[in-house]
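**Q** Here's the letter readout for the chains.
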Amino acid sequence: MEKNSRLIIITSIFVLIFFAIIAKLFQWQVLNSEKMSILAENQHFITFQIPALRGEILDEDKTPLVKNEVGYLLYANLKNINQSKEKIAREIAKIIINKDSDGKNKDLLMSEEIRIKNIIDTKDAIWVPLAHKISVEAKNQIEKLNIKGLGFEEEKKRFYPEGSMSAHLLGFVGKDINGNDKGYFGLEGYYDLQLRGKDGKLRQEKDAFGRPIIFGETDEIKTKNGRTLVTTIDKSVQLIIEKYLKEGMEKWGAKSGSVTVMDPKSGAILGTASFPSYDPAKFDDYKNNLYENPLVGETFEPGSIIKPIIMSMALQEKKVKPNTRCPKCSGPRRIGEYEISTFNNQYHPNLTMTEVLENSDNTGMVYVGDLLGKETMYNYLIKYGFGEQTGIDLEEEETGTVKPLDKLYPIDAATTTFGQGIAVTQVQMIKAFAVIANGGYLIKPYVVQKIIDQNREINVKPDLGKRILNNEVAKVLSEMLVNVTNKSPLHFPRDLVPGLNKYKISSKSGTAQIPLFGHYDPTKTIGSVVGFAPTENPKFLILVRLIEPTARPWGSDTAGPIFFNITKDLLTYYGINPEL
Amino acid sequence: MKNIEKENKKKYFKKTKLFASLIAICILSLSIIQIIVTNHGISSGDNVTKLEEEKDRLLEENDKLETQIAKFTSIKNIKEQAKKIGFIEASSIVYLSTPLPVALNTR
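As they're listed, the protein sequences go chains V and L.
Counting with my numbering, you get residues 1 to 580 for the letters of the first sequence.
Counting with my numbering, you get residues 1 to 107 for the letters of the second sequence.
Worth flagging that the hints you see were computed from the coordinates, not collected in a lab.
Note that beta-carbon positions come from the ideal geometry of N, C-alpha and C, so glycine has one too.
There could be a bad hint or two in this list.
As the list claims (entries may be wrong) - Some but not every residue of chain L turned toward chain V, in silico, with C-beta under 7 Å:
(1) Asp46
(2) Asn47
(3) Thr49
(4) Asp63
(5) Gln68
(6) Ala70
(7) Lys71
(8) Lys76
(9) Ile93
(10) Val94
(11) Tyr95
(12) Ala103
Stated by the list, open to error - The list that follows gives simulated cross-link-like pairs (lysine-lysine, DSSO-like), each with its CA atoms no further than 30 Å apart:
(13) Lys83(L) <-> Lys251(V)
(14) Lys144(V) <-> Lys71(L)
(15) Lys83(L) <-> Lys287(V)
(16) Lys243(V) <-> Lys450(V)
(17) Lys14(L) <-> Lys243(V)
(18) Lys321(V) <-> Lys139(V)
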């Protein structure tokens, strides 16, 4: 009996233990299965996010315009912070602002200090990011402070070997609403998806010491680094145009200015500069209105630089020839209640068409417009691409404005012939002028010529477009513009630029008034010069534009010297022998 | 007859025993080999980590050198350095070859 009761007791104990084990297993494997899986996953596996490298941007020689360099995310583990928050914020702000900025702006320092202190003060947070993409030097200095609770994580940042050269063209990399890198403006904006790449992930089985197990389970999503862009930009050309633009703006007291150089045969943009500009590495330090690229984002009334385009239409339609005389050029022209005069109130009766361009005669251009007819002129303006985007591979391109045909009243048609009442962008202007330079084709301007993906190169074919003018018309007009360069009383005497008189250069200057609340501001102008050289076989086309030059209002006086100085240097750079 | 049967049974038993022993030895040796290889592989995880760290370090150094090269070969830096060592902009250009004339005027 005693033996039986002991057996029963022991058996019961074993059964109880058995059920207790089952219950615990049930609790772990059924009720808490998700939590246990996660714990097991963390214990057995380690997962890395492998960030994709953003693609580089190279010049036509494949040297870098934009690269990636090592930067660091500075973070704080708030539980381990044991110093005064104000002191930490002050020390860090001093290093970051000094190292990554000019360090002269006290307001910037103060606001950075407040920002960092507010982040450290965040309630219910354990880990907070204090500053993104700080330099290696800044990281080393912060480490020397020996502040407990601070740590660093590597994150790549953009580096510009040429500083702020071609900033508007390149754009910059900021953050999107999720805190991820995103390109804005210029090439960084237009090609953001291509440059960004795709982050990868690696999940590896690890041992008790955290080391990877070779024969263990491994899952990998391969990282796809961003594509690299090879542009058409020539750094030497860029340096030349920036030098003369800066000098010219200073000399003539211009509010802003731009220069663009393009190969008129292919549409490749060889260089483009605009000032005032900004440093894309420190875009935060500049006002938002500087980010927009004036080449594509600003519209303006072109003034007299559009006259060759209008003349090309009349030549193509055989309405005029170079020696056709203007019978209505002896005085101002009356159109309805308006009177159109020349810019200097000087009139030359019976001007030839060549002389109309040489003298930039508004009344002569109105006569050309009369012969053309407003409908034909409007159709040609659309053919030339005015009023729509050129399709250049840059972000934020504007379309400009061409009055619709049914709203093109006689006075509007008349003023359009000398570039008022129509709004264009600089890229539209160079695209249209290239038609004259390249023998009649409407090429498409572009900046990226090649995209490099892993080990593959994808060439971007230039779009040579459709023919707008006959080759003969283009040649004739090119020669008329040589006369403008050589004989125009308005042009900057190019003999003042040594060596230029041995070349044939086709060009036209223009001075446009600036519209202001329904009328034109009498005190402010936009001075421009557009042209190409050498005339017979153009290697480059240049557009120079100065906004509100204060020393003199005329394009020929202000943009003219910049144009001819750049032309001289480019002719030397390309080794083009004198023709004359 | 019984003796022959007994003999055959003995032979069969011997063969079976031999075959079973061979199988057992194979299984045992393969198990031992697997343990040795797995152990070797697992302990190599440490080496893999070290090699990956070294690879990361070299890639980072490569990056830094490429950045330095980009800085030193930038056109602005070249211009500054050229000025420092005494280069100046050419004041006049002389062309050594001139284009041939299409027609010559002869007497």
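**Q** So, for every hint listed, does it hold in this structure?
**A** Consistency of the hints with the structure:
1. Asp46: Holds: closest Cβ of chain V sits about 5 Å from Asp46(L), inside 7 Å.
2. Asn47: With Cβ-Cβ at 9 Å, over 7 Å, it is violated.
3. Thr49: holds (5 Å)
4. Asp63: Hint on Asp63(L): holds, closest Cβ of chain V at ~6 Å, below 7 Å.
5. Gln68: violated (10 Å)
6. Ala70: holds (4 Å)
7. Lys71: Given a least distance of 6 Å, the restraint on Lys71(L) holds.
8. Lys76: With a closest approach of 6 Å, the Lys76(L) hint holds.
9. Ile93: holds (5 Å)
10. Val94: Given a least distance of 10 Å, the restraint on Val94(L) is violated.
11. Tyr95: holds (5 Å)
12. Ala103: It is violated, given that the least Cβ distance between Ala103(L) and chain V is near 15 Å, above 7 Å.
13. Lys83(L) <-> Lys251(V): Within the cut-off at roughly 24 Å; holds.
14. Lys144(V) <-> Lys71(L): Within the cut-off at roughly 27 Å; holds.
15. Lys83(L) <-> Lys287(V): Cα-Cα ~34 Å, so violated.
16. Lys243(V) <-> Lys450(V): Holds: Lys243(V) and Lys450(V) sit about 28 Å apart, inside 30 Å.
17. Lys14(L) <-> Lys243(V): Status violated; Cα separation ~100 Å.
18. Lys321(V) <-> Lys139(V): It is violated: about 70 Å lies between the C-alpha atoms, which goes past 30 Å.
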